[in-house]
Amino acid sequence: MKIAVCAKYVPEATAARRIDPQTKRLDRSGEGTLNPFDVNAVEEALKLGEAAGPDGGEVVIVSLGPERALDAMRRALAMGADRIVLVADEAAAGSDLVATSRILAAALERESPDLVLFGQQADDADGAVLWAAVADRLQRPLISQVAELTLEDRKVRGKRQTEYGYDVIDAPLPAVVAVSDAINEPRYPSLKGIMGAKKKPQETLSLADLGVPAEEAGAAGSRTTVEALSDPPARGDTVKLEDDGSAAEKILEFLQEKKAL
Amino acid sequence: LRFLVFLEDHEGRLQKDSLGVLFKAASLGGEVEGVLLGSEIEGLAAEAGKFGAQRVYVLDDVLLGAPLPQPRVDALENLLRDRGFDAVLFAASVLSADVAAGLAARLDAGLNYDLTDLVVEDGKLVGKRPALGDSVYADVGWTSEPCLALVRAGTFEPAESGGSAEVETFESRLQDFSLAATMVERAHEESEGPSIEDADVIVAGGRGLGGPENFALVEELAKALGGAVAATRAVVDAGWYPYAAQVGQTGKTVSPKLYVAVGISGAIQHKVGMQGSGLIVAINKDPNAPIFEYADLGVVGDLHEIVPKLTELVRARRAA
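Order-wise, the sequence lines are chains L and V.
Going by the numbering used here, 98 is the number at position 98 of the first sequence; the sequence numbering is gapless.
Going by the numbering used here, 85 is the number at position 85 of the second sequence; the sequence numbering is gapless.
No lab work stands behind these hints: they were computed from the structure.
Honestly, I wouldn't trust all of these hints.
Partial list, derived from the structure: chain V residues whose beta carbon lies under 8 angstroms from chain L [claimed, not checked]:
(1) Val94
(2) Asp122
(3) Val126
(4) Arg173
(5) Ala238
(6) Tyr243
(7) Asn288
(8) Ala295
(9) Val299
If you're wondering where the values come from, they're calculated on a predicted model, not measured in any experiment.
Backbone N, C-alpha and C fix where the C-beta goes; we use that ideal spot for every residue, glycine too.
Taking the hints into account, I'd like the entire structure generated from these sequences.
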């Protein structure tokens, strides 16, 4: 049983985020981290692996990002994942859905896992569609928006939340599943886990290693463009304050001032 | 431009957001056609004419009875290869987002998602997409044909224009892998619980509450304010509160006069369900929570301290 978790390197939530007006891409020069929504996918992979028995599962982190993403991805190794495959290639920067799914699918085909897991969304781009593109390229069944996942007899069963409530969907392995961030409470890496993470295999691949031509990646391989940036329509002033013990009074004042009571 | 709009149905009705996108497409000029994929849905197709579709392509197949994305990608691929469209438009839902992204991969066609507007400039489609917690708007374009566009839920309101649509059925081969996932149990609309859609005041609780027992704090404040209680997807998925009270992309869309968010980080999935609220007050201990970007009043602090105190103050004020 091999489980691959697709994970993204995203800017730290605490970092001021900006879009570079030149490239019109998110400025990724600051500190980065493992996408918090992907941590739930890592946890789910570890749980499924553990449930499969002592030599039950291998959990591989598959990512597309800059080389320094490895540092952030090691958090998954510290949690218990077995190794990292990072596709790091200048030519892949700025890939949109079409290009990203092509590269990830190539990396996943090389691994040929029984199950591919995704997190709920990307923290930096609010994207929540990549899994379906990857599933199509891999020609594997897909279950998305999964709030509960079980694995039995080479088959996954997912409880999918939709606009109407919960569906239950079965898919035979190999399959692709995208999990909700409420599916589990991710474990914290243990000290031993953190110490051991550095020694686990961490492979960096180029597009050439995957046989993906450079013109099918990055901006050249993308089919969408960002033409212009502008300010959003004004929503009025937002006030943010730290509670100094009088927050409840201040909220009440605010509600009275706005005639909301 | 020739538009194809993906029409979604649920329990015998066309889904409102997809009609909103259809209506929007009709306002952009050009040819507007719809596609409806499902089982026993042929009768619904003509309905789309009222919202601007000139023609609706229908694939009525028992294999499309369950709302699963992959066979729909096969059907759309066939239709697009036969007919040729400049753009395919989707209203975001759990189903249509997966269909749109699968189709993008299948055709190597560009997909812009989370769009809040569509315009035609110099004969080309341009999408408007908010980014970074809606603090920046991007004009996005396509270098592929067709252009695939996924519109944020609740963006366009449909209105009847009174036209009629020609209905044309078509056939498609469905691939084996597309039919591998199967629906074991299907969700149905939950009618239990109070309606939050009509409430003037909503107090909503999220994971920051720490546990289901702390929903009492939210309920007390809602009672004091004379409002209804709502919940985020995370706590509904975790079983802390019923699905009927969920606000967000997969849940209800609400626009009360006052929305108090308690222990809610405010990720995009929640935001799209409540951004139309008149006044948003947020209480959260994490100063970096996205909700502070769009709350009219944001308070960084311990909800366990602040909420009971606020409830008391509101009660006292109301009694006075």
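Evaluation of the provided hints:
1. Val94: holds, 4 angstroms
2. Asp122: violated, 11 angstroms
3. Val126: holds, 7 angstroms
4. Arg173: With a closest approach of 14 angstroms, the V:Arg173 hint is violated.
5. Ala238: holds, 5 angstroms
6. Tyr243: With a closest approach of 5 angstroms, the V:Tyr243 hint holds.
7. Asn288: Holds. Min distance 5 angstroms.
8. Ala295: OK, holds: V:Ala295 within 8 angstroms of chain L, min 6 angstroms.
9. Val299: With a closest approach of 5 angstroms, the V:Val299 hint holds.
Of the numbered hints listed earlier, those contradicted by the structure are 2 and 4.
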